[in-house]
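Next come the chains, spelled out residue by residue.
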Amino acid sequence: MIKVTDLTKIYKTHIKQKNPFKDVFLRKYKDIVALDKISFEIGENESVGFIGPNGAGKTTTLKIISGILYPTSGFVSVEGFTPFEKKPQFLKQIAFVMGQRNQLIWDLPATDTFELQKEIYEISQQDYKKNVGELTEILNCADLITKPVKTLSLGERMKMELIAGLLHRPKIVFFDEPTIGLDIFSQETIRTFIKQFQEEFKATVILTSHYLEDVKRLSKRLIIINKGHIIYDGTLKKIIEQYSVEKRVTITLEKPANETELRAIDIPISYTFPKVVYKIKRSVLPEKIKAITQNLPFSDLSVEDETIEDIIKTFFKKNK
Amino acid sequence: MLKRIQKNLRLFFLYSRFTLKTTLQARAGIVLFLAGKLFRFLFLLMFIFLLFGKTKVIQGYSLNQALIFYLTFNVIDSLTQILFREVYRFRPLVMSGSFDMVLLKPMHPFTKILFGGIDYIDILFVIPYFCLVIVFFLKTIPFPYSFFTIFSSVSIYLLFILNSLVLACAFHITVLALGIITTEVDHTIMIYRDLIGLGRFPMEIYKEPIRSFFTFAIPVGVMMSFPTKALFGLLTGPFIWYAWGISLSGLVFSLILWNYALHKYQSWGG
Amino acid sequence: MNTFLRIGITTLKEYMAYRLNFVLWRLRMFIGMLVTFFLWFSVFEKQAHFGIYSKNILISYILYSSLISTLTLSSRVAEIAGQLNDGSIINLLLKPISIFSYYFSRDMADKLINAGFAIVEISIVVFFFKAPLVPPQNILLFLPFLFCGILISFYINMILSFIGFWTTEVWAPRFLFYTLVFFLSGSYFPLDILPKNIYTILMLTPFPSIFFIPTKILIGQIHTIPLWQISISVFWVFILSRLSVGMWKQGNKNFSFWGK
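Residue numbers (the working numbering), protein chains in the order written: chain A, 437 to 756; chain B, 1055 to 1324; chain C, 4 to 263.
Hints should not be assumed to be uniformly reliable.
[What the hints assert, rightly or not] Distance condition first, Cα-Cα at most 20 Å in a straight line; then the derived DMTMM-like pairs of lysine to aspartate or glutamate:
hint: 1; chain 1: B; residue 1: LYS1261; chain 2: C; residue 2: GLU124
hint: 2; chain 1: B; residue 1: LYS1075; chain 2: C; residue 2: GLU124
hint: 3; chain 1: C; residue 1: LYS133; chain 2: B; residue 2: GLU1258
hint: 4; chain 1: A; residue 1: LYS656; chain 2: A; residue 2: GLU745
hint: 5; chain 1: B; residue 1: LYS1061; chain 2: A; residue 2: GLU740
hint: 6; chain 1: A; residue 1: LYS724; chain 2: A; residue 2: GLU745
Hints listed in this document are in silico derivations from the structure and should not be mistaken for laboratory results.
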């Protein structure tokens, strides 16, 4: 159970002055409000996605909830603990996996790092063997754990990071940009893994990502942060319903059609024979579909939601 | 409490084992480092011999005594390098953001960032250094040797070496704290090394006000000269109290600073 | 010519951006110089001569060699090893300028600013501790030897950095080298207080050319240095330059330019 009330975080950065003496000895500071009185609650076994532009405050929020950063003001409680105190019983229940950041010992095989984790988190030998076995099986990488980490590719290293980070079966897992910089196959592997992990081990998963595909696949609830404020806190489904205004209709033509025929339905976004793509408002979708089926020589027709990126863009536009 | 100490001790041995594995991977590097350290030691040793070849006494100290000052410096410097080598890697750890991962672990961060990288090369050196101290010490006291004199002198010497290590620990923790608080100072640890380098020779060679400054303001003299002076029986009561007072209060101060630094930590690479 | 001036100015500007770091660097150098200075000062407390050296000459040697070693040893060339390691050397390779010219300009800027500060530091020591300083002499003879010293140090640094083409362990050889240079070039003591045979062998190596020989000329002791010493210094400049250029060419052929 995570409870955050009126959380504020202000960063101090120093303003560089022209005068070198003043710059060193009489510094001027500027306050940057990273989080401005945000509040939310997350329950057991929830899966939440935090999204927002760069510098919005997503990572700051995660770092405060996990105890890395000290809040300027406000109330934070995780499983009854104050995170910043970093009590061992608290730390044993959480895990923080950061994309592109590693905690593996570079020159040695991953198993050495796992052994360290075992000791740090006080995992019994039995549980240790079982957890390593299960995780390597899900990620299909049992042969990689004995190779020096520096010889692995980025995707393989990420797998090792995941095992090292989750070896102690945490109740709450924070994923900070877990798929950043990975190729599409590795991204898919990580997404599948996180989904499977959450379902099997019933953990609370809190995720930040710039890839909305991550959020779409892995989070039921969405919290959108912008400039230190929460501007949306609800289900992903609701935001799609509220802000998805248009649907993409893709038609595959049997034979070329002339422009006037196509434009009679609507102005297409793209037309490269045999594919025509329309963006049609939901309100008029039924009649437009009818018109297409009656007037155009098509062999295939598909209707899709807008991409989640477009929906979020619309959301931001409407909530300036 | 005891369980926590036991756990952190176990972790210390685990980190040390892994550091050994990593160190052994760079074999050519080890040989060259060994050679470099050996050369440096031998050159300065030769330099001191040269100096005393034409000057029988410097500031009241004979050749053997000057050698013991130099050797003691090396003993203490090696011991601190052995224990606190990991502090040199702290800045890169913070800059890359990997320090967050250390903070998140249910163990005291010092287990990793202060004691987590034993320097095995210096272990090879510290034993011969110490043996040489004993050899030259025996040359400075009159024959026949009294067991009691040797025992009491060496005991008080070791006690002061311990004091120097406490002081060094306080220095290193302060360096860690500064590594979090300030972003501009990359050299803090290197400055520390240059400052204690002043302790290679007896503090008497430095003119005032430098000498007092480095005994009282920045206690290099306490750290490097006092053990040798205690060995020769040159330290009086007030100085002994002063030495321990400085090291213990230094340790307390450094821990308070560290705590403050954690509160101010703003994290990087986010 | 303009390009090199520009490179120099850019290097200086970098220093301005890292002001505090630079000041602390100079503080470290100052402390190192102080130790040697005080040690010799103490030696002369009870006696007026040390071997063939009088107090004035030896103290002058220590102070001048500190300045000259700043001129010869200060270098940015160590960056190259890091650039080889992370692949950013590519940026340099694609520029229409030789890496040797580029780094030489960079180094000259580095040397000049460090030397400027060193002069201030030495003045402080002379003023506060009444150090006896012999006025500089034989400037005309001094300058070419200084230049040889600068070149020798430059090429050795390049060679140490080029080791990065073949292995990631560049710090260890560099550490070993600096230790050797520090003692064998005469920064703690003038080399001729060593026993005669050691001294003769040492004079055949490139190390004394780096600052021992130029300093001796500056303090007016050229009569102690035989004329054929010039040819040894020039010989080393030649050998080291060929070696470093050769390593650069060979390294380029074998290198795979990977990054992180």
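Against the structure, the hints:
1. Between B:LYS1261 and C:GLU124 the CA atoms are separated by roughly 17 Å; this keeps the pair inside 20 Å, and the hint holds.
2. Between B:LYS1075 and C:GLU124 the alpha-carbon distance is near 45 Å, which puts this suggested pair outside the 20 Å criterion.
3. Between C:LYS133 and B:GLU1258 the alpha-carbon distance is near 18 Å, which keeps this suggested pair within the 20 Å criterion.
4. Restraint check for A:LYS656 and A:GLU745: satisfied, since their Cα atoms lie roughly 16 Å apart, inside the 20 Å limit.
5. For the hint linking B:LYS1061 to A:GLU740, the alpha-carbon distance of about 56 Å lies beyond 20 Å, and the restraint is violated.
6. Among the hinted pairs, A:LYS724 with A:GLU745 is inconsistent with the structure: their alpha-carbon atoms are about 25 Å apart, more than 20 Å.
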